Amino acid sequence: MSELLQDPFVQSSALPLVVSLILVGALHLLRRPLAAAGIAAGFLVVFVMVVGLPALPPPSSMGKLFWSSAIGLLLGVAADAAGLRGRAVSAALAAWLAGSLLWIALPALDSMAAVVSVVILLAVAAWVAFARASQTHGSEKAESPTAPAASLLAIALAVGGTALIGSSASIAQMALALAASAGGFLLWNWPVERHGWGVSGRVATGIAVLLAAVLTLFTQAQTAVLLLALPALLAGHVSRFVPQGRGLIGRAASSAAVTVVAVLPALVAIGAAYALTGGEASPY
Amino acid sequence: MKKTLFAAALFVATAAGTLTPAFAAPVSYKIDPAHTAVAFIVNHIGFSNVIGRFNTVGGDISFDKDAVEKSTVNVTIDSTSIDTNHAKRDEHLRSPDFFNAKEFPKLTFKSTKIEKTGDKTGKLHGDLTMLGVTKPVVLDITFNKDGVSPASKLETAGFSARGTVKRTDFGMKYGAPAVGDDIQLLIEIEAVKS
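Going down the list, the sequences are from chains A and B. Reading the first sequence from the start, the letters are residues 623 to 906 in the numbering used here. Reading the second sequence from the start, the letters are residues 7 to 200 in the numbering used here.
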């Protein structure tokens, strides 16, 4: 069993998927509005299991990413538990994300390229914080979680694939774990949507942005290709054009279609990263 | 009487000066990068051992040949200079998976104690700092020789050091234990008198 848990493929896929399914399920039973927090919580649990608990203060960018994610999770849980919405919460989310990005990026701001990268990451962070959640199909009550969760899965997949091709397997593992964690949440909301996305869900998307920052600033990976994956963040807007099926099968098909539409840009980004390396894999 | 006392005092002072050994002071040396090698051996999934080196090494040594315990060693290694004869692997080694060279461009070693174990051998105790983590390490050190090098015409001292460190102690956990945790160190140093 322990050998299985040591396998990098298991650590990047099955383990975070199972952990996320358990955590989202537990939150579903205990406090349904907090269910989306299971994604970030699952990511942090797998991080500790695979990498270990980072020191405080963290000496490295991955350590800063962990502790920033933990703070973000607390922010998301507090906001969702209190039922908070609106611009003030978005501003708090933006402040957390911007502060985390700058904390991680500071040691690497030694070139114009790094500064430009950070500006782009801050713009994406602002989108994550302030963009309106996708509209619920036919309902005004709760925000639909499928599109934003699919966006998160796609972005995390793009970061993981780019990292794997770009000689940074540990960042790839964590990004793919985040994608699998989002997958666990999606499974809980398929074919019937049971939970809202909330602030916790947006925090999880913010963690994907932080992973992209570490990959961009501290490795040689071709992270410019991640710009090709950004359309995945528009899955919520695109979902309005996806025909809404009737009945259980119809809804299942609609949700699957939204997920596929979101993942397509990620696959394009990964393909571009592979092409830029000349098709040569790293010698792990 | 006074002359006798003076002569006796003079005799005692001279005798004391003759019997007391002349203590050599520590001599300062600067590491000669052209004749210094910091190499390592790490097991690769049980199939073979990968041999690599750091190509940029610097530092200084204060060496007291007659009182080795008073000697000191300070070494700085450029982590971006890692070289395992494979560009892609070297890129991976510089990544956050291993040496995280962008965040931690330097490895440092500062000696804390030297124990003499033989005529030319000893144990070099020191603090190795890697990935922001400092841990004590012990190296088996051999003093090869010192003198004027016929090649450079400079006063030179040469040393060899061997040891093993566990990379996971420094937080470098990726791939362990499939990619070896125990890293064998092979160090050859020539240092030129400052």
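Don't take each hint at face value.
[As the list claims (entries may be wrong)] A short list of chain A residues far from chain B (calculated; beta carbon distances all over 12 Å):
#1 PRO630
#2 VAL673
#3 GLY674
#4 PRO679
#5 ALA785
#6 VAL883
[What the hints assert, rightly or not] These stretches of chain B come out as covered by chain A in the derived footprint (C-beta under 8 Å, 3 or more residues):
#7 50-56
#8 88-98
#9 135-146
Think of the hints as simulated: they come from the structure by calculation, not from any bench. Source: prediction; values computed, not measured. Just so you know, even glycine gets a beta-carbon here, dropped at the ideal spot from N, CA and C.
Tested hints:
Residue placement check: PRO630 of chain A does not keep its beta carbon more than 12 Å from all beta carbons of chain B (closest about 9 Å). Against chain B, the non-interface label of VAL673 of chain A is violated: not every CB pair exceeds 12 Å, the least being about 7 Å. For GLY674 of chain A, the shortest C-beta to C-beta distance to chain B comes to about 7 Å, within the 12 Å cut-off, and the non-interface label is violated. A beta-carbon of chain B is positioned within 12 Å of the beta-carbon of PRO679 of chain A; the least distance is around 10 Å.
Under the 12 Å C-beta cut-off, the non-interface status given to ALA785 of chain A relative to chain B is violated; the minimum distance is some 9 Å. The claim that VAL883 of chain A lies off the interface holds: its Cβ sits roughly 32 Å from the closest Cβ of chain B, which is beyond the 12 Å cut-off. A stretch counts as covered by a chain when three or more of its residues have a beta carbon under 8 Å from one of that chain; for the stretch 50-56 of chain B and chain A the count is 0, and the coverage is violated. Requiring three or more residues with a Cβ within less than 8 Å of a Cβ of chain A, the coverage given for the stretch 88-98 of chain B holds, as 5 such residues are present.
Counting residues of the stretch 135-146 of chain B whose beta carbon lies closer than 8 Å to any beta carbon of chain A gives 3, which reaches the threshold of three, so the coverage claim holds.
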